[in-house]
Amino acid sequence: MLKIDQAFVNYGNFEALHGISLEIKEGEIVALLGGNGAGKTTTINTVSGTTTLVSGDITFNGKSMKHVPAHERVAMGIVQVPEGRKLFPSMTVYDNLLVGSYLPQTRKSRDENLEMCFSIFPKLAERRQQLAGSLSGGEQQMCAISRALMSCPKLLMLDEPSLGLAPVVVDMIFDTIVKINKLGMTILLVEQNVLATLDIAHRGYVIEVGSNVLSGSNTELLNNEDMRKAYLGI
Amino acid sequence: MSIYLQSLIDGLLIGGVYATIAVGLSLAFGVMRIINWAQGELLMISMFISYWIFTKFGIDPYLIIFLTSAVMFGIGYLLQNTVLSNILARETAREPVSVLLFTAGLGMFLSNGVLALVGSNPVSVITRYSGKMIQAGDIYISLPKLISFVIALICTLALYFFLQKSEMGRAIRATAQNRRIATLMGINQKKIYNIAFGISIALVGLSGSLLLPYYTVSYSIGATFSFKSFVIVVLGGKGSVVGALAGGLIVGIIEKFGGLIFSDTYAQMGVFIIFVLVLLFKPNGLMGEKEM
Ligand SMILES: Nc1ncnc2c1ncn2[C@@H]1O[C@H](COP(=O)(O)OP(=O)(O)OP(=O)(O)O)[C@@H](O)[C@H]1O
Ligand SMILES: [Mg+2]
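Note that the protein sequences, when read in sequence, are chains A and B. First residue of the first sequence: 1, per this note's numbering; consecutive thereafter. First residue of the second sequence: 235, per this note's numbering; consecutive thereafter.
Don't take every hint at face value.
Taking lysine-lysine and the DSS-like style, the derived pairs with C-alpha atoms no more than 30 Å apart in a straight line are [as the list claims (entries may be wrong)]:
(1) A:K86 - B:K399
(2) A:K229 - A:K66
(3) B:K399 - A:K123
Derived by calculation from the structure, the hints in this document are not laboratory data.
Could you build all of it, start to finish, from the sequences and the hints given here?
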């Protein structure tokens, strides 16, 4: 479904990605792991198109994304839940969700999607008229995921959804990701919470300072020596 | 007593039109972080267009609003689509400086262009309702000012509801809050910028026609209006429609009361003093920098 082939990305003179490659098949949950500054956010922003590829290619369902502007990629089903939620703080929860279904083709299924979001996160339904900026961290993450669901994603990329959340909330968010995947959405999960992530992912990639270092199925990664030393401290 | 009430009403009536001009400025700032120094000069252009159409074809200025707002929308849209977007694309800062220089230059270009083409003589129009007054007790309400006020108010409120309730309005607000994230919702930033700047300039177009029935226009009036609009935007909170509306009414009232108690010149200084005070003590405006 998605294929990143030798992606190079620069910020000014600084090369953040030195040839990242990665592949996701339809229906999978794929983990993208790595420490701070490894280039995870850069990778998914490059897939979304808000960061530009210097060389290499990204193909989505066989079509090169190189010359497709970011907003059109959303229409194709490439949707992300950005790092740090990034809701529109002075809009209500409800308006945030409506902005998620701004595109005409997503407006058609707006009501169904709203219903789905409110059934996954009943708490959001209670808070729908509240300003998004005044939600708790967990509620903000629910709102950010729901906003992305409103865009009818085919590929949903989540950037560190567990960041700064209490363990119970993290469990709930990860359960939700599995649920969403069962509904037919393909998932790229960027995380630093390695154990919880490999628990739900089918496969994973590990990147360090802008390069691939490891990849494999969840059990392969969990049993890998280097992996255990570097990320699990075992 | 009634003289104060009279000033209050006069201030409100002109303030409504000030507000509409300032709402346009505020929208461009809120969405694009552009400070449009040419706002006043574009208003002057719209007044001259209205003047020209009125004298050539005898069309009522209140009917000309449809034309001037449409034409000025087009000018704003094209200006952003071609020039501004290119300058913006080269800017990395969130509050673009070279766009500021561009709009300041545009303002000078427009006022000097009008000076060269039509000269420095101020012009005004005489309509059927020029000088018509509605009397209520000791109070006289100028009919053209009242009509202009009502239209200005309706259009400002219409814009407010458009921003709050429509798909495009929500997309504009989302872009104002975070343009990168808005892109991730499938919102085409360039289109939003084009439309927002188009609306901003359309409001100036509208206001030009609304002012013409009772305001004398010359090549040099732009700067005064630009300045007033800045004061209003700062007063009401940058990027806020409701704030700009309130700010416009306040500035209109201050001017009239200042004129009544001191003189018109001092009234203008009063507006400036309030501007400085707000910047010092309430830099986010009287209403804070909130939603549009
Ligand atoms: N806008 C930017 N300008 C310059 N450098 C940047 C920018 N964004 C990221 N970088 C740099 O690129 C590298 C990769 O950053 P990125 O945000 O992709 O890492 P990450 O894996 O998501 O890290 P984290 O887990 O902390 O979110 C880092 O060295 C970072 O400092
Ligand atoms: Mg990151």
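Taking the hints in turn, this is what the structure says about them:
Straight-line distance between C-alpha atoms of K86 of chain A and K399 of chain B comes to about 22 Å, which keeps the hinted pair within the 30 Å bound. At roughly 37 Å between alpha-carbon atoms, K229 of chain A and K66 of chain A are farther apart than 30 Å, so this suggested pair is violated. Of the supplied pair hints, the one linking K399 of chain B and K123 of chain A holds, its CA atoms being roughly 24 Å apart against a limit of 30 Å.
Of the numbered hints given earlier, the model fails hint 2 alone.
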